[in-house]
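Participant: Chain residues, written in single-letter form:
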Amino acid sequence: MDGTGARVLTISPGQPFRGSVTTFGALVWSGFRRYATYRQATIAGSCTNIVFGFLRCYVLLAVAAGAAGGRPGGYDSAQLATFVWVGQGLLTVTGIWGWTELADRIRTGDVASDLLRPVPLVSAYLAVDLGRAGHAMLTRFLPPIVAGAIAFPLAVPHRWQTVPLFVISVVLAVVGSFGCRFLVNASAYWLHDARGPLMLWTLGSAVLAGLYFPLRLLPDWAAVTLWVATPLPGLLQTPLDVLVERDPPGRQFALVLLQAVWAAGLLALARLVQRRAERKLVVQGG
Amino acid sequence: MIRIENVRKDFTVRVKAGRLRREKRVIPAVDGVTLTIEAGEMVGYIGPNGAGKSTTLKMLTGVLAPSAGEVSVCGLRPVPQRTRLALRIGVVFGQRSQLWWDLPLRESFGLLRHIYRVPPAEHDARLRRCRALLGLDEFLDTPVRQLSLGQRMRGELTAALLHGPEILFLDEPTIGLDVVSKQAVRSFLGELGRTGDVTLVLTTHDLADIERLCRRLVVIGRGRVVHDGTIEALHARYGSRRRLVVDLETPLPTGLVLPGASLTSVEADGHRVTFALEESSAGAAVAALVAAAPVRDLSVVEPDIEDVVARLYAGASGAP
Amino acid sequence: MVAGKFRSVTSYRASFTFEVLGNLGSTVLDVLTVFVLFRAATVVGGFTLAEAVLMTGLAVAGFVLCDAVVGNIDDLKKYVRSGTLDTILLRPLGVLPQLVFLDLPIRKVLRVAFGLTVYGVALRANHLDWTPPRVLLAVLAPLGGAVFFGAIFVLSASVAFWWVDSGELGNGFTYGGRDFTAYPVSVYGGWFRDLFAYALGFAFVSYQPALALLGRGDPLGLPAWAGFAAPLVCLPATLVAALVWRSGVRHYRSTGS
Chain A
86 MDGTGARVLT ISPGQPFRGS VTTFGALVWS GFRRYATYRQ ATIAGSCTNI
136 VFGFLRCYVL LAVAAGAAGG RPGGYDSAQL ATFVWVGQGL LTVTGIWGWT
186 ELADRIRTGD VASDLLRPVP LVSAYLAVDL GRAGHAMLTR FLPPIVAGAI
236 AFPLAVPHRW QTVPLFVISV VLAVVGSFGC RFLVNASAYW LHDARGPLML
286 WTLGSAVLAG LYFPLRLLPD WAAVTLWVAT PLPGLLQTPL DVLVERDPPG
336 RQFALVLLQA VWAAGLLALA RLVQRRAERK LVVQGG
Chain B
6 MIRIENVRKD FTVRVKAGRL RREKRVIPAV DGVTLTIEAG EMVGYIGPNG
56 AGKSTTLKML TGVLAPSAGE VSVCGLRPVP QRTRLALRIG VVFGQRSQLW
106 WDLPLRESFG LLRHIYRVPP AEHDARLRRC RALLGLDEFL DTPVRQLSLG
156 QRMRGELTAA LLHGPEILFL DEPTIGLDVV SKQAVRSFLG ELGRTGDVTL
206 VLTTHDLADI ERLCRRLVVI GRGRVVHDGT IEALHARYGS RRRLVVDLET
256 PLPTGLVLPG ASLTSVEADG HRVTFALEES SAGAAVAALV AAAPVRDLSV
306 VEPDIEDVVA RLYAGASGAP
Chain C
194 MVAGKFRSVT SYRASFTFEV LGNLGSTVLD VLTVFVLFRA ATVVGGFTLA
244 EAVLMTGLAV AGFVLCDAVV GNIDDLKKYV RSGTLDTILL RPLGVLPQLV
294 FLDLPIRKVL RVAFGLTVYG VALRANHLDW TPPRVLLAVL APLGGAVFFG
344 AIFVLSASVA FWWVDSGELG NGFTYGGRDF TAYPVSVYGG WFRDLFAYAL
394 GFAFVSYQPA LALLGRGDPL GLPAWAGFAA PLVCLPATLV AALVWRSGVR
444 HYRSTGS
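Line order of the protein sequences matches chains A, B and C.
When you read off a place in the first sequence, starting at 1, and then add 85, the result is the number in our numbering.
When you read off a place in the second sequence, starting at 1, and then add 5, the result is the number in our numbering.
When you read off a place in the third sequence, starting at 1, and then add 193, the result is the number in our numbering.
In isolation and in its complexed conformation, chain A is listed as follows (with noise of 0.2 Å):
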């Protein structure tokens, strides 16, 4: 049995961040094969983001209709409907709703098996998250922003940084999303069922994200507030603001530098109480 016979000494001591790298990479890939395999779903799933693409398109038309201006929260119509359309493609994006896994593997005691790969833990989900972003991506955003852009005339973005500076802005938000809800599901460790917790989540998130209306119509103390203290306006609101250029090029830089300033705020957040979860915590089951 000389093939299976042990290594002694430690894995690729010469190239150690190449090696992370492609772990990582190894891992968004898992991420991204496994929700391409729930085809079913995602064609349900956009003619429900359809659905309601025309149904908040329709109220927001109607508000900016008869809103001194026509301006409403600074948005004029064809802004407003790239807003709500754009905003349905990137829902499944950013998977602000209905993650449970890590809440679910820590009720059945599955999480053992994570803890058990030479990975951190928190790393090892994101990356998977990644891949579950990318694929959405591809799979998600794209035909509620065509079923919007035949029914409404849509803004488009005029200034050559918009485009981009919008993708790193929705990166961002997968990745501060991701932190908000490892942190939810995280509660489990402690609350054994983090149903209540997500449920907290899926209202408050959405809400407060700007995905039933947009926030710059809430008072300007709730609006700055949110924006500040939180990090939800950063999850969905931010990248489509980016988008229908509501604010000069200066603002919107800040805008997303704050984004940034939360991912990496929740992912290390997200590191310590996964590491106060391993300390002191059991994990369930056999």
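Worth flagging that the hints you see were computed from the coordinates, not collected in a lab.
Glycine included, each C-beta is placed from N, C-alpha and C at the ideal position.
Incorrect hints may appear among the rest.
Unchecked claim - Across the chosen pairs, the derived CB separations fall in these ranges:
1) A/V241 x C/R232: 24 to 34 Å
2) A/W182 x B/R316: 36 to 46 Å
3) B/V231 x A/S198: 22 to 32 Å
4) B/T88 x C/R443: 23 to 33 Å
As the list claims (entries may be wrong) - Stretch by stretch, here's where chain A covers chain B in the computed footprint (C-beta under 8 Å, at least three residues):
5) 54-68
6) 95-101
7) 210-220
Once you have looked at the hints, place chains B and C on chain A.
Facilitator: Same frame as chain A, but now just chains B and C:
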């Protein structure tokens, strides 16, 4: 290689006390276990349900932090150095999977190669051997979720070995498997252990696993080590002996005493008699028997580990 | 069965509290959204805030009443996939009653109270001219709405009998329908409005009854009596839903899982 010293793990359980209140109670799942395992050993870690086997295993692999005591595996401390340790050990959980559920088995192996950063040549060589020895080719491209339990277990074993670990931990690897799969797994592990490259630590309820695979047996009961030694030592300590079963032409003469054997049962009107052998060799007893009675047939039966283990368990989980 | 469920629910105390609040919260947010939108415009779709809230109130009241009773039909697709439905079919009780009582609406009580309050406040805020037909309508409309939503719920859940992985498809019509009815139908346009408001019948849950209560003509052209007759639309809806459901159960029984 593996060194545990006076390790404890306490679980805090909330127990109902009255209609609505709940009080905390501390239960020691592992209560002062000390153990050393050298490289190349094949150790069975057994005990009744709830004795602390899986808990110990989790502490060894870094999944659980001990409440007290020292744990050292491959010179590393499992909980703080978990990711480094993970590269040097392999773990197979009988009831959980380390494979990717939705992907074909082959892709799971590919992913693991990247995660464990195994050089491609080594990975391919190991995979080839496992494919040959475990017969993986017929289901290598099937999604893991569609595999039978036996197939999946063979996949898990391969997955655990692809990065060439120094220690392989197995938690109930043959549970729920059909007979053919069990034998395949056992002979694979037996071969693995025989070469001495990999240290095997195995928890199981299956006695055939124990007999076939474990040169050393650590029995744990109620969080403590009850026995630590070879199977023969186990038999010797708990007094299980070989038996001489004899079929006689005429009933056994009364008062017959054999050197190194004592009568334990008489059946079929004295035509079938069983003796327990005190001595390690049956020769003297057989000679005396044949001289004294007309023997039609006889056989020597090895001691049954099931018996010993059952008694051990009963002692270990019974009254304090 | 109820006592057992109550105990198993309260054994996760913290989570339970969260869920009660969460359930209520989503309804609160829906209503608050209407107020936020009216901050930006005094008239939306040709209606003032008070008038729009009457429609929202009707929609929400109907929806929470319905959801409290049959909201768990949603889980049907989960049961079908996991095979739990087989266990239910084995028991000597009707399928629908079992599903309803499987998860009694303890958590939804607060939400129902909120919905009805909003409706009540909206009725007062509009200073309606109360005639006997209007009083009757005010009572029947939310009930009719509840039954109507129930029929839609059952219909959308029945899809699971034929298409196991239908996933979120039904949500567009159940939760989408609720969102649709929370705003004046005049807000919508084109084929989308025709589909939801008239083909599927959602206009009769809140828009038409509200118009009748307010005594306003329909900017979209339906006659005045449409509002008073609106609650009746729940009857054909229930019939269709019952037929489809029955057919679905039969289909499931014959094909297995």
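Participant: Does each hint hold? Answer for all of them.
Facilitator: Here's how the hints hold up against the structure:
no., hint, verdict
1, A/V241 x C/R232: 24 to 34 Å, "28 Å, holds"
2, A/W182 x B/R316: 36 to 46 Å, "56 Å, violated"
3, B/V231 x A/S198: 22 to 32 Å, "30 Å, holds"
4, B/T88 x C/R443: 23 to 33 Å, "55 Å, violated"
5, 54-68, "holds (count 5)"
6, 95-101, "holds (count 4)"
7, 210-220, "violated (count 0)"
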